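Novice: The listed protein sequences derive, respectively, from chains A and B. Residue 12 in the UniProt record's numbering sits at position 12 of the first sequence, and the numbers go up by one each step. Residue 207 in the UniProt record's numbering sits at position 207 of the second sequence, and the numbers go up by one each step.
Hints in this document: simulated from the structure, not taken from any laboratory. As the structure is a prediction and not an experimental result, all values here were calculated from the model. Using N, Cα and C, we set each Cβ at its ideal position, and we do this for glycine too. Treat the hints with caution; some may be incorrect.
Listed next, with one range per pair, are the computed distances between beta-carbon atoms [as the list claims (entries may be wrong)]:
hint, chain 1, residue 1, chain 2, residue 2, range
1, B, V41, A, G127, 46 to 52 Å
2, B, E474, A, G222, 47 to 53 Å
3, B, T488, A, S38, 35 to 41 Å
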Amino acid sequence: MSLLKLSGVEVGYGRNTIVDNVTFSLKEGEIGCLLGPSGCGKTTLLRAIAGFEPVSAGRIELAGQLVSSPAQQLPPEKRGVGMVFQDFALFPHLTVFENVAFGIRHQPTDEQRKRVNQLLSHVGLAGYGPRYPHQLSGGQQQRIALARALAPKPRLLLLDEPFSSLDAELRESLATEVRKLLKEEGITALLVTHDQQEAFALADRAGVMYHGRLLQWDTPYGLYHQPSHHLVADFIGVGVLMHGQITDDLKVQTALGLLVGDDVPRGAEGEAVDVLIRPDDIVIDDSAERRARIVARGFRGSHFLYTAELGDGSHVLCMASSHHEYAVGQDVGLRLNLDHLVLFPAGYCDT
Amino acid sequence: MVNALRNSLINARKGFWATWQQLSLPIVALIICLPLIVVGVSFFIGLAGEEQRATLAHLFDNVIGEYVRHSAILMVGVGLLVLVIGVTAAWLTTACEFPGVKWLRWALLLPLAMPAYITAYTYSGMLSFEGPVQSGLRAITGWQLGDYFFPEIRSLTGAILVMGFVLFPYVYLITRAAFIEQSRAAIEAGRTLGLGPWASFYRVALPMARPAIATGVTLALMETLADYGTVHFYGVTTFTTGIFRTWYGMADKVGALQLASLLLSAVVILMVVERISRKQSRYHHAGRAQQGSRAMKLKGFKAFAAFTACFLPVLFGFLLPALQLLVWSYDRLDTWLDPNFWNLIGNSLTLAALAAIITVIFALWLCYGKRVAGKRTIAGNGATIAKITRGSVAFASLGYAIPGVVIAVGVLVPLTWLDHRIISFSESVFGVNPGLLLSGTIIALLFAYLVRFLSISIQTVDSGLSQISHAMDESGRILGLKSKEVLTRIHFPLLRTSLLTAGILVFVDVLKELPATLVLRPFNFNTLAVRAYEMAGDERLADAGPAALMIVLAGLIPVILLSRAMNRRQQQEARALDPRPGEIYEPVKA
């Protein structure tokens, strides 16, 4: 049974609809992630699940219980939902111990102490109880915020851009740590972020939101390799869209040549399409007969990301190890390494 | 070669000026602190001689117990009153929506325009036997004199009520700012951890605002301790009235100095409390400001109760006293034609304008010194210099908490000493007696105002300067400005408003100031505040009306400035309340 179920959820203020007809669900113990650019409505959706925003249509169910609908709204404190805020929102007037114990203040003191100490050592901050939040570093505050949210054993944990105020290095290691912790505690969690690496590191299921709509809800692997919408393809990873024409034998004719895959739908013969080409679909191979000219390159450490111009003036991206260096303007050969085709209706192509 | 020589010369000259400027700061600070030092050490000097010890023993035996008791009761009463009124009003106007709340948000600042002593005069007038309240009562009931009991406003309780209703805006203003700045997330975190809306106020919002509330209450208590006009008129003996009585009534300068030093030590305790709570409040700003947390909409009885709770302080603290002043001023229309009255206005305006200009100049000097010193630390030459400069600025700002009487006494003693040196020098060299050049002229007054009000302009100028980053200077230089042009084309346009604000604040405070002016004004030199005081002292309350009204009208200027600043904040809030995608809920990422 799904622990969290959203069906047709809409959140809006006046004429401004922030979240538009969102439907997805999350199974018990799963970690979900809402991805999207600034202003796509993902935080608003998270706050609606927490009970801070009323929904104007649809319903939100938690473990089978209806918590939000236009007609009724369970207040946040009655939902059994934990939340880690973007700026952590630790109570500055309370110690670390008191912060973590805040949600379990009605339990006997002994149990409080046991639970808090257990959580503190879980997040690697045993012995930090008597300190005040302002005496901690950003990463430490983050972990305390997590411990505080976990203390009452919430049915669902919500995380609002939990790593965005930390520096990049800390972000990745913490994300992995947090995943381990959530899995150990068996917590169902929903995370909001604009950073796909974070989503990939943490989530079992992820969705991309654009202008209030959830475009695709899938595994991170699926979002990358089988985007169902050109905007998803655009947001996740890098790549280009190319003009294509479906041939009578269900192959796709593009500037890169004839592409073959079993993903071409029957009955689409003759239609114009856009084909997603990722850099990992193309290998630079000087012996290949498909020629292109390097027009730009970006150094990425372990590899170069090249932009190559094809005969018809369209561009593709390709990667090569930094041991193989090509100069801008140089002629190279391209070999295709496509294992499946990603096609969209024509019209979004950038070239 | 020539270039190198020129450069080193320029550097040497720059170094000389910078060093000189920095050296000047501790000296300026010392001069400004001189009155406080004089009062501070006078206690110990007082212990030196046999006679002085006797004076002190006499004071302790006879009057100090009463002063301490009255001052303590006054402070407890006023403290409780401003706490309750200020925090209630701040919370209701921040967290709730009800009819009239927009108006009340700034109207609650209005009592700041009323000096406590003027409010005291108006209530004395309103509640006296001939006043409108008692006359009305008699007209309705037909009672005569002696038929009924009516509480006496001119009492300790009366003084507490008057000061409570005048001083609560300090708590209101600072607490409200703290509520607004509280991170919405902190309140919401409380909700997700199981708190209802009211519990999250008591358990999260209120404790987080505690340092701000403490700061507001301490500021109100400092004003209470500094007050002379109200307690004098209401016949309550406190330290300030005691200093006046000892100085003038008994011509006992040593005794007055000793009383002043005791009062000073009480103030110092309050200042320490204030510093500590300000320091704590720094840590109480976790997270970003409260963004668009939607206010609770109150309806029906609740809305009426909230409105009343916020309206009564405005009514008692401003509307009624202001109405009484208007009535008196209308009764005494002829005063407005009296050239003496205009003379008085001229005196007050001149004095206030001079004090404002001098104070702003000193504030600029000190703040620039601090800024330059702060910059040099980066280059590595002089963490100590930076520390000394910062310390100097802090010292020069001490005066805001010191009662005017204490400053006046502290100014008079060293200036009189200096005057006598000048006179004897002048007589022996030129054979002329120049008179009291310093202590007998407005120089003494201006000096006292500088000591008392410098911190107001330092704060304003400093916050203005802090908005001009060193990077702005540097980008100005890179874009081809000379260092002088950086001042004229970047700093001055950016600082103009701060300087003007600083000047206006000092100007108005000087107009309202009573005790120091009373002590230090040159013979036959009167101001509006002194006139109001003298008329009220002669029981000619209505005659005090026009002068008092002028002071209150001037006092409205800073209130308008404050409410405009609050409005800007409110608009920012309103923008946050209307979340357009990408503006609010999602942080903008590079």
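Novice: Next step is simple, just say for each hint if it's right about the structure.
Specialist: Consistency of the hints with the structure:
1. B/V41 to A/G127: 46 to 52 Å: holds, 49 Å
2. B/E474 to A/G222: 47 to 53 Å: holds, 50 Å
3. B/T488 to A/S38: 35 to 41 Å: holds, 40 Å
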